[in-house]
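Chemist: The lines below spell out each chain.
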Amino acid sequence: MKTLASSPGLLFRLGAPVSVILAAILVMILVTCALMASWIAPYDPTDLASFELMNAELPPAFTAEGDTRFLLGTDNQGRDLLSAMLYGARVSIAIGGGAVLLAATLGVTLGLLAGYFGGRVDALIMRIADVILSFPTILLALLVSGIARAIFPGAATAEWAPIILICAIAIHEWVQYARTVRAAAMVEAAKDYVRAAKVIGLPPWRIMLRHILPNVMSPVLVISTINLAAAVLTEATLSFLGVGMPPTYPSLGTLIRIGNEFVFSGIWWIALFPALALVILVLAVNVVGDWLRDRFNPKLRVKR
Amino acid sequence: MLKVLLSRLGQAALVMLVVSAVSFVMFRYVGDPVATMSRENASVEEKAELRRSLGLDQPLLVQYGRFLTRTLRGDLGISYRNQRPVTQLIAERLPATLELVIVATVLSLALGIPLGVLCALKPNGMAARLVQALSLVGISTPTFVTGIVLILVFAVTLGWLPSFGRGQIVSIGWWSTGFLTASGLKSLLLPGITLALYQLTLIMRLVRAEMIDVLSSDYIRFARARGLPSRYIHFRLALRNALMPVITVTGLQIGSLIAFAIVTETVFQWPGMGLLFIQAVSFVDIPVMAAYLLFVGLLFVLINTVVDILYAVVDPRLRARSA
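Read top to bottom, the protein sequences are chains A and B.
What the first sequence shows, in this note's numbering, is residues 1 to 304, in sequence order.
What the second sequence shows, in this note's numbering, is residues 1 to 323, in sequence order.
Keep in mind the hints are simulated off the structure, nothing from the lab.
Bear in mind that the values here come from a model prediction, so they are computed numbers and not experimental data.
Be a bit skeptical, because a hint or two may be false.
[As the list claims (entries may be wrong)] Across the chosen pairs, the derived CB separations fall in these ranges:
id : chain 1 : residue 1 : chain 2 : residue 2 : range
1  : B       : 75        : A       : 159       : 51 to 61 angstroms
2  : A       : 158       : B       : 248       : 37 to 47 angstroms
3  : A       : 121       : B       : 302       : 24 to 34 angstroms
4  : B       : 65        : A       : 192       : 48 to 58 angstroms
5  : B       : 92        : A       : 210       : 53 to 63 angstroms
6  : A       : 203       : B       : 302       : 23 to 33 angstroms
7  : B       : 74        : A       : 262       : 52 to 62 angstroms
8  : A       : 121       : B       : 60        : 21 to 31 angstroms
Quick reminder that beta carbons are idealized off the backbone N, C-alpha and C, glycines included.
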């Protein structure tokens, strides 16, 4: 998950406005909290012994009927909501990061191949990309997870959920990398240093990895920041729809799904706090990503 | 011209072939139809007989050919869960989704165009900056969160609007509409707004970009030099030209809105195609999933192809470039 969002110092040197730097710091704080969930969370939501049904659906501590033991209240099983959210954010960020990593690897590889070799390889890869782009992310992701569900039997689905989710999200996101890297690689491949490398007889893989790749990396990092936000949102949406992370090992999306069932009884906090955390996380990443996109390459502006 | 038309149609046919192949593979290999359809204690001979009668012992290409002919005749199989023809299920759910999409499109245009114009005319004004900042929040807020918040405020706390279902509907032939009753209209409001917000940011940004582009063109400068009133320049001359691409994109987005309605329909328990699909995914109801994929795929390809061909008809430059 090597995105530029995680380095405020670098942003400062690039002349980013205060709001962007604050957003980057916020991303860092949120990611650190999520990664250290097992140390800083007041309770362990995965430990069945730590929560009891008696404490279920307690409102947040700052309301009239709140309990000071649970800062943001408890969920329907009596789990401390704050702890569940910290662990949930860790799951969300891990899956989002995993998806971006997979999409970037796949997209950069295919983009390099298409840009370097051209011809039929290029035509084949780009045609596949066109077909994938003509469908919205959410539909493809649902399809992948639907097929995975049919292949794995019931219990295994829950176990494999993170992997299935990462693949489901990455299947759409690699296209953007492939297109960008292909265009950049085509330009680089025509330059003298690449021609020289060919003349001295270096193998194609070496030219692609050692010579072209370093020169096309900066747009990849910019795309990764924006895609991280998108991936976290897609994961949350899938989990909300009930085809993502199971309630036993919830992500932020799963927590919102659980909370949604209680909204009608006026129990608002189970859905609202995880939703707030999700929006703040994604918004902060987007603020940084938006700025980076304008700073590095105005042509990268795409719709949504 | 004919060349463009043919190549575009060929491309569309290719995409549909890929989609139908994916759909066929799902149909055939995900889960065993024989195991699903035969009795629990069927003997090996009975299963083989069923396999033969379903044509599953034929070569793969023959099976795919049969699948295609069946699909073209509108026979998409029977839902595992509801035990009813899939075509019928989808036709029943179609009006609900389309009405939702229509309401969302109208709402997003009605709000997005004025906001986009505002941002383009005074790009550094307070209002424009606020709208820009809010649009970033809009992109970062998932649809289901918007839906839940709207339900919390307008249905649970204030009690003004219903939070699920279509309310009272009136049937006109096979079409069922919520437009004709008060409760139907009220039920459309919250899901419509939720889906519209997803679209709003896109339209607003697009109008803004196009408008800024048009405003810097020569004929607008000339109109200013002639001393025409700025109201006339902005709305009669500039906006009209800026709206062309907006209309195209809105048309293209209808397909995505139908797919995206899955989320909105789940939040509001809206009985449309999206809810049908998501239920099919969680029950592994393959025929429904395959049919939905085919249907949405067809819709996408249809819209894209028609727009491309219309472009080539309207704009001769495009013809020259691709020929």
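Chemist: Now tell me, hint by hint, if it's right for this structure.
Modeler: Now the hints, each set against the structure:
no., hint, verdict
1, B:75 / A:159: 51 to 61 angstroms, "37 angstroms, violated"
2, A:158 / B:248: 37 to 47 angstroms, "44 angstroms, holds"
3, A:121 / B:302: 24 to 34 angstroms, "30 angstroms, holds"
4, B:65 / A:192: 48 to 58 angstroms, "53 angstroms, holds"
5, B:92 / A:210: 53 to 63 angstroms, "59 angstroms, holds"
6, A:203 / B:302: 23 to 33 angstroms, "46 angstroms, violated"
7, B:74 / A:262: 52 to 62 angstroms, "43 angstroms, violated"
8, A:121 / B:60: 21 to 31 angstroms, "27 angstroms, holds"
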